[in-house]
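Peer 1: Read top to bottom, the protein sequences are chains C and S.
Letter by letter, the first sequence follows residues 1 to 257 of my numbering.
Letter by letter, the second sequence follows residues 1 to 536 of my numbering.
The set of hints was computed from the structure by calculation and includes no laboratory data.
Be careful, since some hints might not be right.
[What the hints assert, rightly or not] With a straight-line cut-off of 30 Å between C-alpha atoms, the simulated DSBU-like cross-links for lysine-lysine are:
(1) S:Lys26 - S:Lys119
(2) S:Lys26 - S:Lys39
(3) S:Lys223 - S:Lys32
(4) C:Lys231 - S:Lys229
(5) C:Lys243 - C:Lys230
(6) S:Lys373 - S:Lys459
(7) S:Lys119 - S:Lys65
(8) S:Lys119 - C:Lys230
(9) C:Lys243 - S:Lys229
(10) C:Lys243 - S:Lys341
(11) S:Lys65 - C:Lys26
(12) S:Lys411 - S:Lys459
(13) C:Lys230 - S:Lys229
(14) S:Lys459 - C:Lys70
(15) S:Lys180 - S:Lys32
(16) S:Lys373 - C:Lys231
(17) C:Lys240 - S:Lys341
(18) S:Lys296 - S:Lys223
(19) S:Lys65 - C:Lys240
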Amino acid sequence: MSLISIIFTALFYISLFIFIVGMGRKIRQFWITPVPLKIPIAPTPLTQTGAIFKMIREVTLFESLFRSNKWIWLFGFLFHFGLLLVLVRHLRYFIPGDLPEVFLLIQPFKYAAFAMIIGLAGLLARRIFVPRIRYISAPSDYLMLLMLIVIGVSGAIMTFTSNHTDVMMVKAFASGLIVFDWTNLPTEINFLLHLFLVLVLLAIFPISKLLHVPGIFFSPTLNQVDNARKKRHISSWALKQEKENTVKLEQTIGKDE
Amino acid sequence: MAAKEFDIPELPTYIEIPELTPDVMKGEGPFKAVDEFQKPLGFPGGKVDNWKEVAIEKMGDLKSKYRSVQVFLDSCVKCGACTDKCHYFLGSSDPKNMPVARQDLFRSVYRRYFTFAGKHFPKLVGAKDLDDEMVDDWYNYFHQCSQCRRCSVFCPYGIDTAEISMAAREVLDTIGLGQKYCNQILGKALTIGNNLGLPEPALRDTLLDLEEEVEEDFGAPVKFPLDIKGSEILLITPSADFFAEPHIDGLIGYGKVFYQDGVSWTLSSYASEGANFGMFIGSYDIMRKAALRIRKAALDLEVSRVMVGECGHAWRVAYSFWNTLSGVGAGAQSGDEYALKLQNQLDDRYPQPQHIIEYTYDLIQRGKLNFDKSENDERTVTFHDSCNVARATNMGGIEGGQFILPREVIKAVCNNYVDMERSTIKEATFCCGGGGGLLTDDLMEIRIKGAMPRMQALKQVETNEGVNTLAAICAICKSQFSKVLPKFDFDPYMIVSVHQLVSAAIILDKPQEAIQMSESQTEATDAVEAKEAETE
Chain C
1 MSLISIIFTA LFYISLFIFI VGMGRKIRQF WITPVPLKIP IAPTPLTQTG AIFKMIREVT
61 LFESLFRSNK WIWLFGFLFH FGLLLVLVRH LRYFIPGDLP EVFLLIQPFK YAAFAMIIGL
121 AGLLARRIFV PRIRYISAPS DYLMLLMLIV IGVSGAIMTF TSNHTDVMMV KAFASGLIVF
181 DWTNLPTEIN FLLHLFLVLV LLAIFPISKL LHVPGIFFSP TLNQVDNARK KRHISSWALK
241 QEKENTVKLE QTIGKDE
Chain S
1 MAAKEFDIPE LPTYIEIPEL TPDVMKGEGP FKAVDEFQKP LGFPGGKVDN WKEVAIEKMG
61 DLKSKYRSVQ VFLDSCVKCG ACTDKCHYFL GSSDPKNMPV ARQDLFRSVY RRYFTFAGKH
121 FPKLVGAKDL DDEMVDDWYN YFHQCSQCRR CSVFCPYGID TAEISMAARE VLDTIGLGQK
181 YCNQILGKAL TIGNNLGLPE PALRDTLLDL EEEVEEDFGA PVKFPLDIKG SEILLITPSA
241 DFFAEPHIDG LIGYGKVFYQ DGVSWTLSSY ASEGANFGMF IGSYDIMRKA ALRIRKAALD
301 LEVSRVMVGE CGHAWRVAYS FWNTLSGVGA GAQSGDEYAL KLQNQLDDRY PQPQHIIEYT
361 YDLIQRGKLN FDKSENDERT VTFHDSCNVA RATNMGGIEG GQFILPREVI KAVCNNYVDM
421 ERSTIKEATF CCGGGGGLLT DDLMEIRIKG AMPRMQALKQ VETNEGVNTL AAICAICKSQ
481 FSKVLPKFDF DPYMIVSVHQ LVSAAIILDK PQEAIQMSES QTEATDAVEA KEAETE
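Same shape as in the complex, but just chain S (with noise of 0.2 Å):
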């Protein structure tokens, strides 16, 4: 398939709410997943014959269990609140991406199917029928939403959009009609253990010239361990941590907080992925199942404490959802044999689990981390909230922690930091475009389209305040301006992790015959005084 022909929308100085360009969006969508890629999930390999009856009936299953999907179809007023909210309208002016059209698609499906109104009064309600144009529209404009949930906090009842487009997905999977990127990448999680590919040998290599770089580089002799029974942490971290700029420095910087703090940690082979793309695809059996991985390499390996490193959903995943899903967390019922099976070997002197940016700031608030700030003073930092951690996440259990801590890292480690405009970071952060499933060249349009928000907030303080470094804690993210940074006539190498400014400040002085004797002594009371803090 050719690519199509489109412009790379121009910066302006302020967001203007675009006119409605109708249908200019209007296509195939992504590739469809083949017979090979839906077949593991359970999905059938085409549009089965009867799909509009299995369709219906799988939207009434999934209202039924989840009761967002139910009163979100319900609540909606049409406001128009939420209208110019969505970084791929501002950026596409279609107006199918506006969030309550996006829904609408579903909705007036909904109504004609599920409600009085729309059964007998179709036309007044604005109930449309379920056939082959709508299924396509569906497919089409629920893969230009990266569920990123901006509209749902403008919005007066709370809709989010990412519920209906993640219901939307499922019943897409379910009548046959998958995205190859998505399930793709599942089917590689699921049985390999990383969104890669990556086996367990080609893991272990990867680690091992890591380490060889990085004590040449840096001269201490920085571990990146893999299964390691009876450490203290697993490290679960998305797979792009291991190969690719900028992420690998990302990872070095774990490595080096680790290194020094001086305690062990592992990676695990079995689940050496954080992201979870069945959150994108909606389905909570698929999700649970990656899920489940993680739960089993914790209890294989022992470990007292599940960390997870630079990822937008896979924070969300893990810090909303693993508790519910395979019980890596806390509070589990007594009579809760499942979850209390590993929440009793879970140190629960730690939140569980524990976002490594979390770890890093409770280390320099207790002064065990020294750094030269100047290493970064050629850098002017700014930092690019990623919706997931934003809108769905919290750290450091203070409210509005996941906004705190991670600028608190930065500034403790660069000496030139500073925000974008109010309205486009911490809660109300526009989408990097790329989120939710999107991260493939097959929809290269909308990301493009759908980044010029963000670009626009960046250009203005590139211009104003000379900003050079763009800091992000999420794997899509980083990939994502890499891609689209240049086209907005960026540098694509000022796309950093927020572990890359650590690494690059950190001073490694741990004396390493000091290590093993410290860590037994220390251990206790370092756990007490992060319990501490996470309580207050």
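Bound conformation, chain C alone (with noise of 0.2 Å):
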């Protein structure tokens, strides 16, 4: 194996190592800590089917979002909906031998990337020009759409233009890291950008903003089912602290029953 090869092998070991140590703590972290009160957001759902519809439709539809602001909502939704197909086109080289003939299907896929890349420059055309958003965003809001677009530019490149690399290649590269079976990959400077940017980004994601793709799921204000009459909420530390009759009430006034 080629040295290049090598430092990307390990690279995505470790970068895959960081991803899932780092997100398993995260996601823990967020379903360990208790949650004391009801907090739902109007449109409140009644039932715990209705909660669970709700969440369904912010996650794929991004309802609150395009109550709010409809070209933050396709701007985001473009990118969003795109970067999941062409995920899943994807997988294509990461699984060992002939694939399955549902990929035939799949092929037209590699045009979301378009869907992705414009998507990507509008909320950046955004952040640039709205001064609203301007102002809220730090280096690090700009940085991460740009690595976004150059993964999505360098992966459009190789598909739509001249510029093919060795699918072959990249295949058993690929598909290799799953089953341990190393080999070379192709050297072209728009695949290991592609690929290079595409593992910082799996390793910064537990230490960044994206980390709202764990977190929409554990938002109380979205979760949570309206029912606070009728059901008893309470948080361990709370029914501790009842327990223990010590809601600190000696440091407060008023006497306790």
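Starting from the two chains in their separate frames, assemble the complex, guided by the hints.
Peer 2: Laid out in structure tokens, this is it:
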């Protein structure tokens, strides 16, 4: 194996390790942090089913964002939906051996790259040109978009221009990572850049705003059922305080019962 | 301190998103609470020496106790969807009043001390040190948030600035920087029983005077009972209802509805306050402390129903938090002795707690109240959805019931009703500008500027539909509107309680002898019907 292949193979496992461990820890933190009060936000679902459908609508359609701002919704939706289709199409590289027939059907998903790039460009333009959004942006907010744009554009160049990379070699490399049968990877600059940034993205996932991906599912305002009167909701620490009757009552005025 | 000069915003035809004017609302914030008001709540009476360490430690504590805080601090992508949603931003154009920028005052410090990226690359990710300037900004700008949650409705992740603002205020209290208005009031509520500091004899006198006045005006012996053990209903209402216009006309309205229904009810001198400012300062323990007074009153007075008067955040605390805090509610688990002690006493055929609007609406639905709607004919009414009711509670157990029920009650007693523009009502309602502990004269500038979006929508219906009455079901909204309406050239008396409208139209024809007799017979069947209505 060439040195560059060894480096990228190592980077892949390192990034993946950081991603899995980092996300695992973060999700665990979200999971174990109590929710002391019922704080669903209107329009509130009154049943568990309603809450699940609300979450599904938020995750798939970005319902609140649509209500909020049509431009951000449009660009955000193009990007996320495009990314989803492109990711599905990328599975072909990671599955060893012959592909199931279904992959012929999703071949056109490659065009989703354009939706993704247009969406990202729109979001970047808003970040630069809308003063309100410029005001709230840190350098990392621009960098994140730029990184995704470079990933998208480098991928699109390989797919849609004559700068094709050796797809069979990519497949051998990528599926080799999965089954621990390591091989050399193509060394065109487009491909290396594309892969490198994807690995960086993977590694910074647990320490950046990309945490919105697990975050949305844990958002109490979105996932709670509005049934506070019908069912007593109480957190572990509040129950403990209640049992011990030590709601710091001695520090506060007025008598407890 | 001399009041700062400022311009009262003009009311535009359409709300435009203002150009950013950085630092236009920078300032020292509201008056700070001195030792006398801080100590009783368990807070230090001035900025403590090691405030920075204490603040960071408290932040860590809060984010480990509130999933909302942890998730919201991590999940914001700075998409900008919320930037034009805050009434204080629209009215003041200060960029730090954009919800995300307000949160970022807190988030940037969180990043600096609690995240890998912020510890090692602060400039890159916008992480900031907690210094004097930052704490000053916290105190100033987290007291320019009414915790109305409008931004949360529009956030793709439901990020709720109110949660962040409550957390920030709790940190501020912990390092000795409390707000005078809230903490002084909490002291009164937790010792005397209400925010006004009205002791039992004064309250009793007030209610007796009111009974005389009402009998004189309306010719019916409507009672306003206090501390009557064994009453069916305990009414918990904001203490503003006891003395000030337009609030007291609402209280008269509740009394007339109870009278006409023939139900026995009582107020409590121990728990004579619906408001719970513990929520505003973000303290679970203090909020619970205030809620426990209601629990104690309900147990002592042996009531079977707990009802809440017209108050916005009180209804949020009651509807969403009482069951958690004090067990006023239903559905406690079998091992939960604490909650069951109360819940076994409360009548499970009724929603517990119940809003006065739910109660009146239910009576109207069952044809138990008769109205002469023409009494309100000189009025063309619009309804202001109070933020806490609209975005954090429900009524009637039906989806959107908190929007439907008050409107239906108004329409049952008034012939002329119109809504304000759709994007300014219901879940998207604009705050009155005085909620969340901001209803104090030292915050008058932000209160007036923040009222602009609501005033603009009101101006539209005044011009186009001839609206001359603004009805609300929140004591803070009513007080705030009384103050700010004239600043925008409206009649300050156009703000009324919904139950003031009910009071004007209700026909008091209940023969008093019949009340005692019918009470025991109809009680049970009424209760069953009410329960059915609730579960549908």
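Peer 1: For every hint, state whether the structure bears it out.
Peer 2: So, going through the hints one by one against the coordinates:
This hinted pair checks out: Lys26 (chain S) and Lys119 (chain S) have alpha carbons roughly 28 Å apart, not beyond 30 Å. This hinted pair checks out: Lys26 (chain S) and Lys39 (chain S) have alpha carbons roughly 28 Å apart, not beyond 30 Å. The straight-line distance between the Cα atoms of Lys223 (chain S) and Lys32 (chain S) is roughly 41 Å, outside the 30 Å bound, and the hint therefore fails. Between Lys231 (chain C) and Lys229 (chain S) the CA atoms are separated by roughly 28 Å; this keeps the pair inside 30 Å, and the hint holds.
Distance check on the hinted pair: Lys243 (chain C) and Lys230 (chain C) sit about 22 Å apart at the alpha-carbon level, within 30 Å; holds. Among the hinted pairs, Lys373 (chain S) with Lys459 (chain S) is consistent with the structure: their alpha-carbon atoms are about 25 Å apart, no more than 30 Å. This hinted pair checks out: Lys119 (chain S) and Lys65 (chain S) have alpha carbons roughly 22 Å apart, not beyond 30 Å. For the hint linking Lys119 (chain S) to Lys230 (chain C), the alpha-carbon distance of about 44 Å lies beyond 30 Å, and the restraint is violated.
A threshold of 30 Å between alpha carbons decides the hint, and for Lys243 (chain C) with Lys229 (chain S) the separation of about 29 Å falls inside it, so the pair holds. Only pairs whose Cα atoms come within 30 Å are accepted, and Lys243 (chain C) paired with Lys341 (chain S) is accepted, the gap being roughly 14 Å. Taken as a hint, the Lys65 (chain S) and Lys26 (chain C) pair is honoured in the structure, with Cα atoms around 15 Å apart against an allowance of 30 Å. Distance restraint check for Lys411 (chain S) and Lys459 (chain S): the Cα-Cα separation of roughly 21 Å lies within the 30 Å cut-off, and the hinted pair is therefore satisfied.
Only pairs whose Cα atoms come within 30 Å are accepted, and Lys230 (chain C) paired with Lys229 (chain S) is accepted, the gap being roughly 26 Å. Of the pairs offered as hints, the one joining Lys459 (chain S) and Lys70 (chain C) holds, with about 27 Å between alpha carbons and a cut-off of 30 Å not exceeded. Of the pairs offered as hints, the one joining Lys180 (chain S) and Lys32 (chain S) holds, with about 5 Å between alpha carbons and a cut-off of 30 Å not exceeded. A hinted pair counts as satisfied when its Cα atoms are at most 30 Å apart, and Lys373 (chain S) with Lys231 (chain C) does not qualify at roughly 39 Å.
For the suggested pair Lys240 (chain C) and Lys341 (chain S), the alpha carbons sit about 18 Å apart, so the restraint of at most 30 Å is met. With a C-alpha separation of about 23 Å, the suggested pair Lys296 (chain S) and Lys223 (chain S) falls inside the 30 Å cut-off, and the hint holds. A hinted pair counts as satisfied when its Cα atoms are at most 30 Å apart, and Lys65 (chain S) with Lys240 (chain C) qualifies at roughly 13 Å.
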